[in-house]
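Chemist: Listed below, chain by chain, are the residues.
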Amino acid sequence: MKTVKSPFKFKGGVHPDYNKELAREQPIEKLPMPGELVISMSQHLGAPAKCLVKAGDFVKRGQVIGEKNGFISVCVRSSADGKVVAVEKRLGPAGGKADAVILDTAAKPEGDEGNGLPILPPLDWKTASREDLLKRVEEAGICGMGGAGFPTNVKLNPPPGKRCEYLILNGAECEPYLTADYRLMLERAPRIRLGVEIMRKILGGPAVRIAIEANKPEAIAAMEKAFADIDGNVEIVVLPVLYPQGSEKHQIFATVGRVVPEPPALPIDVGCVVENVGTVAAIADAVELGEPLLERVTTVSGDAVSQPKNILAPCGTKYADLIAFCGGEKGPVAKLISGGTMMGFAVSTAEISTTKTTSGLLLLSPKRVVQYASQACINCGRCVRACPMNLNAAEIAKAVEADDIKAAEDAHVMTCIECGACSFSCPAYRPITQFCRRAKNSIRARIAAEKAKAAAAAKK
Amino acid sequence: MTIAIVCIAGIGLVAAITLAIADKYLSVKEDPRIGMVTAALPGANCGGCGFPGCDGYARALVAGTAPNGACAAGGDAVAAEVAKILGVAATATEKRVALVKCCGTRSEAIRVGDYNGICDCNVAAMTAGGDKGCTYGCLGYGACANVCPKGAISIHDGLAKVDKRLCIGCGKCVAICPKKLIELVPASATIHVLCNNPDKGPTVRKVCGVGCMGCHLCEKNSGGKEAGHFTFQGFLAKVNYDNPPTDGQIVAKCPAKCMAEDAHFESGH
Amino acid sequence: MLLVGAVLVNNFVLNRFLGCCPFLGVSKKMDTALGMSGAVVFVMTIAAAVTWCIDHWLLAPRGLGYIHTLAFILVIASLVQFIDIAMKRFLPPLHAALGIFLPLITTNCAVLGAAEINCKQGSSFGEAVFFSFAAAIGFGFALVLFSGIREKLEHADPPRCFRGIALALVTGGLLSLAFMGFSGLVKLPY
Chain A
1 MKTVKSPFKF KGGVHPDYNK ELAREQPIEK LPMPGELVIS MSQHLGAPAK CLVKAGDFVK
61 RGQVIGEKNG FISVCVRSSA DGKVVAVEKR LGPAGGKADA VILDTAAKPE GDEGNGLPIL
121 PPLDWKTASR EDLLKRVEEA GICGMGGAGF PTNVKLNPPP GKRCEYLILN GAECEPYLTA
181 DYRLMLERAP RIRLGVEIMR KILGGPAVRI AIEANKPEAI AAMEKAFADI DGNVEIVVLP
241 VLYPQGSEKH QIFATVGRVV PEPPALPIDV GCVVENVGTV AAIADAVELG EPLLERVTTV
301 SGDAVSQPKN ILAPCGTKYA DLIAFCGGEK GPVAKLISGG TMMGFAVSTA EISTTKTTSG
361 LLLLSPKRVV QYASQACINC GRCVRACPMN LNAAEIAKAV EADDIKAAED AHVMTCIECG
421 ACSFSCPAYR PITQFCRRAK NSIRARIAAE KAKAAAAAKK
Chain B
1001 MTIAIVCIAG IGLVAAITLA IADKYLSVKE DPRIGMVTAA LPGANCGGCG FPGCDGYARA
1061 LVAGTAPNGA CAAGGDAVAA EVAKILGVAA TATEKRVALV KCCGTRSEAI RVGDYNGICD
1121 CNVAAMTAGG DKGCTYGCLG YGACANVCPK GAISIHDGLA KVDKRLCIGC GKCVAICPKK
1181 LIELVPASAT IHVLCNNPDK GPTVRKVCGV GCMGCHLCEK NSGGKEAGHF TFQGFLAKVN
1241 YDNPPTDGQI VAKCPAKCMA EDAHFESGH
Chain C
2001 MLLVGAVLVN NFVLNRFLGC CPFLGVSKKM DTALGMSGAV VFVMTIAAAV TWCIDHWLLA
2061 PRGLGYIHTL AFILVIASLV QFIDIAMKRF LPPLHAALGI FLPLITTNCA VLGAAEINCK
2121 QGSSFGEAVF FSFAAAIGFG FALVLFSGIR EKLEHADPPR CFRGIALALV TGGLLSLAFM
2181 GFSGLVKLPY
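Residue numbers (my numbering), protein chains in the order written: chain A, 1 to 460; chain B, 1001 to 1269; chain C, 2001 to 2190.
If we strip away everything but chain A, and leave its shape as in the complex, we get (with noise of 0.2 Å):
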């Protein structure tokens, strides 16, 4: 096990102020369960979960509340211990709808003490076979951590033909402001080494490659210690600090130096699976402990909350109880952002509860949100240097502006990864990145029409 440089670097990128210094030196800190979780059926990508109780049921911690509803889903357990006050469709995170089970933790039914008793049955990563853990991965409800929310039992099972050479964990939290994988490396990297363990048996032994940036000197070496005995191939990869490095194409490109195609393609396709670092101890956990995913770390920070922190907390809490947990505002809130300033999503209440994916939640004062008037674009070029994509974001933008959406599709704006760099860059301060959002959203919706109308046609 040894530990390099990056040996390559992607084009692009930025370097906005990272604000880690707020969260970095707090550890992990339990939430004392709240009094009503709000747990919603959508906390991943793909299908929503069907949810199977109903108001007035009693549910135990763990037990499953939403199953999985097609291929590329996850099913979704309580957090806690309670009973089911209501299932309504609840705001989420970036705008959408979805049923959730509001959960009275309170309330339990007479005589109910909790046995102790692991939610699994734990398992010997050693003896039991591949697809036995697997299979785990899928009961625990286990999905990309990241933000990205993929369920990781797909994931982790490339389809027949394609092969993982390289299992690449990502450490690198590029994100401004969020320190929660930087606290689990420093404080969990024995069960981040389990974790990885377990996947390399899963996923055939392939090489390994813990991607974390160079800004993490502590995290690299608890990651070091922890792995210092480990056999076959794996490296410790240091990576110059540049956003958005904890992208999975440009980690794989950093890592190894391969190159993810256009899209329909997926990492898959060049032999790569990368995870992050949270979800590599959730697959630990619940292998080993038998403890299904039911809570994350997520660090809430800014300069308008009293003390930030990085939080251990069901899934299911409202921001609300965080940030009281926080000891409340300092001073007045002028954006409350879940998850980081660069990919986050502004929010308009503090009604919203976490996810699987929630890795931060930001309260900005006025002083950091400053809103300019977008003008012209002066064709500086700057977000062309910055996108880590190599796309022509002046050309995409001023495109969609004037409402021509294939010449925007001609200009590849499918393979934009919606990191913001552009939009960080431009001088003129134009939203570069919801154009791309606008183009995308258009040619998604457009291909949908296209398919159903076959559909149809094929139907007669």
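Calculated directly from the structure, the hints in this document are not laboratory data.
Take these hints with a grain of salt, some might be off.
Unchecked claim - Derived pair list, reagent style DSS-like, types lysine-lysine, alpha-carbon separation capped at 27 Å:
no., chain 1, residue 1, chain 2, residue 2
1, A, Lys97, B, Lys1238
2, B, Lys1150, C, Lys2028
3, A, Lys225, A, Lys20
4, B, Lys1180, A, Lys451
5, A, Lys406, B, Lys1172
6, A, Lys89, A, Lys54
7, A, Lys97, B, Lys1200
Fit chains B and C to the known structure of chain A by using the hints.
Modeler: Chains B and C alone, transformed into the frame defined by chain A:
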């Protein structure tokens, strides 16, 4: 002099013969009805029929792959003329116009955030579901106004309004609205419920001063459930346009003030 | 030398200002511009050949040089009509895209201009045909160049009074100015 005339005439004759031969052997026989149908269609090229422009629809009509009467802009008159040209029976379609089912202006409906970005409803809806308290309501950033080929939609105080006189019923605004709150209704209907929020009364009241509370008074005042002038989706009243109410008084009796008679449609200009 | 002269130094549309109508009308999209250029090359070359023959063998020996404009128009018009019919049969998409601009080549002074210049210069058959071919190439070159610029201009956000053809005309003028930089590249007697 004569030589000149003879020369020119000669050249002309040769050219004419060449063209005649070319026409006989190379020309593409096109159904003359296509030209006639294209002339009969309104020529707005709005795409409301689902075909690329009036010429595309004409070709499909002559080829028999398109139904007559799909042209909302032309309406019955055009459908009858096309039927005459093609020698088929004409089907009568009633003129439909767009209706924005929301009356929550910026003064009446609260906004929960400061939206700063592209002035387009679809993009605004992508950002936290839109900055309006009511997640079903009109955001007022003008996606419908921009796409209307006749300029019939205008935005007033954060709310879109359709001018019935200019609307041709092409349906482009219906397709583009992210909240799906524009509906094509018969032009003859005069009483409408301008709300799209099916939540309970108190929930609606929290976010909008003029939202439908589901009190059923409109139904009661127009003959009750048996008359069948209204249907209900959750706590939202919906006019049954196949059997619309005719008594304008129920508009004034609505406690939420979310109903309107036709006067609502007139645009400012 | 003829080629460089016709394409760059004395570009038909940018220096001689012949054929401005299709230049502005068809240059909105690169595909139609390319198609139109192809059509013009074809028409101009053949027109030059035919008109040269008519002038040299039919009109000049009889001293009917004064009537050649009329004769040329006849020939060019029927030639374009022929192309129209042929294109509709063999290249329908291009025909639909060019629309009314195809018969516009008839009144296109560029084609007539090339024929007239051949007359004036008293060039041989080979020279006449090659000159027309080169002129058409120059026309196409300018057209494609302009269409590329116009495609980019589509996405720009100019003031209301400049939108559409106004900005195109201004740009065309600037392009013309730029091409004047080529003068002196080749010294021609005409």
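Chemist: Hints first: check each against the structure and report whether it holds.
Modeler: These are the hints, each one checked on the structure:
1. A/Lys97 - B/Lys1238: Holds. A/Lys97 to B/Lys1238 sits at ~23 Å (cutoff 27 Å).
2. B/Lys1150 - C/Lys2028: The hint holds at about 24 Å.
3. A/Lys225 - A/Lys20: 23 Å, holds
4. B/Lys1180 - A/Lys451: Since the Cα atoms of B/Lys1180 and A/Lys451 sit roughly 21 Å apart, the hinted pair holds (cutoff 27 Å).
5. A/Lys406 - B/Lys1172: 18 Å, holds
6. A/Lys89 - A/Lys54: Distance ~13 Å between A/Lys89 and A/Lys54 Cα, so the pair holds.
7. A/Lys97 - B/Lys1200: Given pair A/Lys97, B/Lys1200 holds - Cα atoms ~17 Å apart, limit 27 Å.
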